[in-house]
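Chemist: Sequence:
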Amino acid sequence: MSASIPRVVELSSPFTRFAGRLLVGLGFEVVLVEPPEGDETRRELDGDAFAHWHAGKRSVTLAPSASAELRDLLTGADVLLDGTPDGAGAAVEGLGHLVHVRVTPFGLVGPRSGWQGTDLVVAALGGMLAQVGDPDGPPLRMPENQAEHLAGVNAAIAALLGLRARRRGPGQLVDVSAQACVAAALEAGTLAYLHEDRVPPRPGRVHPLVPHGLFRSADGHVGGGLGGSPRMWDALLAWLCEEGAQADLAEPRWQDPVERKKHQDHVFKVVQDFVGTWPKSEFAEQAQARKLPWAAVDLPPELPDNPQLAARNFFTEVEGRTDLGFPFAFPEGRRITSLTVPGPGEDQALLHEHRATPAIGGTGSPARPALEGVRVLDLTWVLAGPYCTKVLADHGADVIKVESVRRPDPTRFAPFMHLSRGPHTDPNTNGYFNEVNRNKRGIALDTRTEEGVAVLRDLIASCDVLVENFSATVMTGLGLGYDALREINPDLVYVSMSGMGHSGPRAGWVSYADTVSASAGLTGLTGWGPDDVVGVIYGHGDIVAGLQAALATIAALEHRAQTGRGQHIDLSQLEAIAAHMGTSLLTSSGSPTGNADPRWSPQGVYRALGADRWLAVSVRSDAEWTALCHAVGRPELAADDRLRTAEGRGRERALVDGVIAEWARGLPADVAAETLQEHGIPAGAVQDGRDLVEHDPQLRARGFYVCLAHPAAGAFLHEGVPIRLTGTPGSVRRPAPLLGADTDEVLREVAGFSPERLRRLHEAGVLR
1 MSASIPRVVE
11 LSSPFTRFAG
21 RLLVGLGFEV
31 VLVEPPEGDE
41 TRRELDGDAF
51 AHWHAGKRSV
61 TLAPSASAEL
71 RDLLTGADVL
81 LDGTPDGAGA
91 AVEGLGHLVH
101 VRVTPFGLVG
111 PRSGWQGTDL
121 VVAALGGMLA
131 QVGDPDGPPL
141 RMPENQAEHL
151 AGVNAAIAAL
161 LGLRARRRGP
171 GQLVDVSAQA
181 CVAAALEAGT
191 LAYLHEDRVP
201 PRPGRVHPLV
211 PHGLFRSADG
221 HVGGGLGGSP
231 RMWDALLAWL
241 CEEGAQADLA
251 EPRWQDPVER
261 KKHQDHVFKV
271 VQDFVGTWPK
281 SEFAEQAQAR
291 KLPWAAVDLP
301 PELPDNPQLA
311 ARNFFTEVEG
321 RTDLGFPFAF
331 PEGRRITSLT
341 VPGPGEDQAL
351 LHEHRATPAI
361 GGTGSPARPA
371 LEGVRVLDLT
381 WVLAGPYCTK
391 VLADHGADVI
401 KVESVRRPDP
411 TRFAPFMHLS
421 RGPHTDPNTN
431 GYFNEVNRNK
441 RGIALDTRTE
451 EGVAVLRDLI
461 ASCDVLVENF
471 SATVMTGLGL
481 GYDALREINP
491 DLVYVSMSGM
501 GHSGPRAGWV
511 SYADTVSASA
521 GLTGLTGWGP
531 DDVVGVIYGH
541 GDIVAGLQAA
551 LATIAALEHR
561 AQTGRGQHID
571 LSQLEAIAAH
581 MGTSLLTSSG
591 SPTGNADPRW
601 SPQGVYRALG
611 ADRWLAVSVR
621 SDAEWTALCH
631 AVGRPELAAD
641 DRLRTAEGRG
651 RERALVDGVI
661 AEWARGLPAD
671 VAAETLQEHG
681 IPAGAVQDGR
691 DLVEHDPQLR
701 ARGFYVCLAH
711 PAAGAFLHEG
721 VPIRLTGTPG
731 SVRRPAPLLG
741 ADTDEVLREV
751 AGFSPERLRR
761 LHEAGVLR
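Just so you know, the sequence shown maps onto residues 1 to 768 in my numbering.
Calculated directly from the structure, the hints in this document are not laboratory data.
Bear in mind that the values here come from a model prediction, so they are computed numbers and not experimental data.
Cβ coordinates follow ideal geometry from the N, Cα and C atoms, glycine included.
Among the clues, some could well be false.
Pairwise CB distance ranges (calculated) [said to hold, decoys possible]:
#, residue 1, residue 2, range
1, L609, E285, 48 to 54 Å
2, P135, Q562, 50 to 56 Å
3, P697, T277, 50 to 56 Å
4, R644, G228, 50 to 56 Å
5, P668, D273, 42 to 48 Å
6, D622, T322, 32 to 38 Å
7, A90, P410, 51 to 57 Å
Please work from the sequences and hints to get the whole structure.
Modeler: See the structure below:
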């Protein structure tokens, strides 16, 4: 990698522009290549879309035929971020130094590699739509293009992995499938099928796994629930009793969590009656004072008033307007506070600049995974943190997961997703745990003892990275704040990923994925209208935080390689998900819009043949509308003056949707999608976990699901790696560790412990 600031050339698309934005936030020089008429986002939302996606980038304009000029630009570039349908062609031939990241809706190989995809269609075919909405209603799209955002953050990770691999070999092509990025980010969506032979219904406003949901307040909504521990239930019940709102919940029967789960509707009704009397912000503050995981459901226009985001300088000024900031401060705590918007072609001189071709590192074969040789100490649990370290492990990092009998990862003992029948008391058979912890080694270490902390310090001294997702004060309480960590290991990359971050007035707030989504604006925009909010109930926020933490880790490793310095990445899960809210702060009216798109018409989800079968369709242009009319057997509608434009079709939405609905209702969703795709129209079946595993030809052709045998749970399929580095591929290599299975091996190999010291630690109960 060149010693100068890395240069990224971006051939933009909806699936790459977020990656370019993230790389701006990391300090890269990003050069946007626009057509002579300017990028299409300059004409969207009065230019606000361009301002959000491309502020901070440089701009050159090139005609499609100007491949020689593009090649000259790429000769001095490190990364090509390529969202074009056909790739950069001859412009990249022979440029062995280049990390060429191709991002497409469905990937470069497979029977559907040529299919058209939009955010809605990729969310449908990737499994996301099947997880949001009411069980008896249509699937519901999450707002602000979450499928596109998932592709973008994975593409940014791909770029950094490619640069990391280039330190010992040439550049390479990286194939990023947006569909695979979504399919790898469903929390329990596919796992429930793989481990329970069950396809969960859409959850509506209630979390499918834990006792949380969306509740109406006096002036809006709040997200939260009964919490994840007996203490939280006791504190909530005490609050209800203080206010005389407990109804029958003080009876002894409700102390049993099984009883509460069995009659959750009744418990939630009592809680709803209480919540409904409070303003949302006041309720959340009172709940958090009791260390209860609740949050107000805020809308994007309310985000600048969030005291936590404001105190941590999250927002960015874009030419006098407040926009969303970046998922984390980088490097070494730097925050970007302002960005400028480039004019079309204002950096045209770059086309004539002579910039040295970046050097290729090493002389040997680069076929080893990009992160091989990196050692990660994993103190994370549940989902957000383990998802981060899973990404690192998938690409070759030696990830050492620390647990103990006294403090195992709670998902080991979750009552759901076990392949075995009967009582689920084995800590090694939970599918949720085993999916997100594959490729890792596991040790048992009781860090509640002085000896255990001493062992932890020895491990820290021999690791490159430490990742934890505790609440903000836990590491300091162990005597392992960043100052102490830096004394132990000056080069350490320390990634903390608490819900709110380690600083700010809400640093101590208790948060789950659903409460973070509520605070970030995502929940409030997920619905059919201001009076019909459905919300995001599953762990999308956890997965976003995990991906952003993985990006931060790899960026920090690259920064260390250039400067010799480690750093503390204080990642706030709230900021991570808020950064995925797209143009909402600049343009949102603060009201949900269902499955519609502000630019296109029609766009929606239509019932197809069969029980709960649905078809997602996007029409992006008048030409696609004409093609759709012919595809559905209504060619006369293409000549209807009322329907010639997107605006006209929007005014006649009932007519247009009725035509598509009538046609789709008589066809299997896959057949309808194939028919529309043959006419060049983005369309796809809404797929659930069973569909993804058993029936999706694209994921099957790409070998996305990988079977491994686990020593306790047996053989089962794992979700694959959505980023395909063609030269240094990641993979699913080994099953998740049994609790403590690698303890002695790791302590001997990593920390250099003698057999005598290991024996003493075992006898003292430290390694349990």
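Chemist: Hint by hint, say whether it matches the structure.
Modeler: Verification of the supplied hints:
1. L609 / E285: 48 to 54 Å: 50 Å, holds
2. P135 / Q562: 50 to 56 Å: For Q562 against P135, whose Cβ atoms are near 51 Å apart, the range 50 to 56 Å holds.
3. P697 / T277: 50 to 56 Å: 53 Å, holds
4. R644 / G228: 50 to 56 Å: 54 Å, holds
5. P668 / D273: 42 to 48 Å: 44 Å Cβ-Cβ, so the 42 to 48 Å window holds.
6. D622 / T322: 32 to 38 Å: 35 Å, holds
7. A90 / P410: 51 to 57 Å: The hint (51 to 57 Å, Cβ to Cβ) holds, given that A90 and P410 are roughly 54 Å apart.
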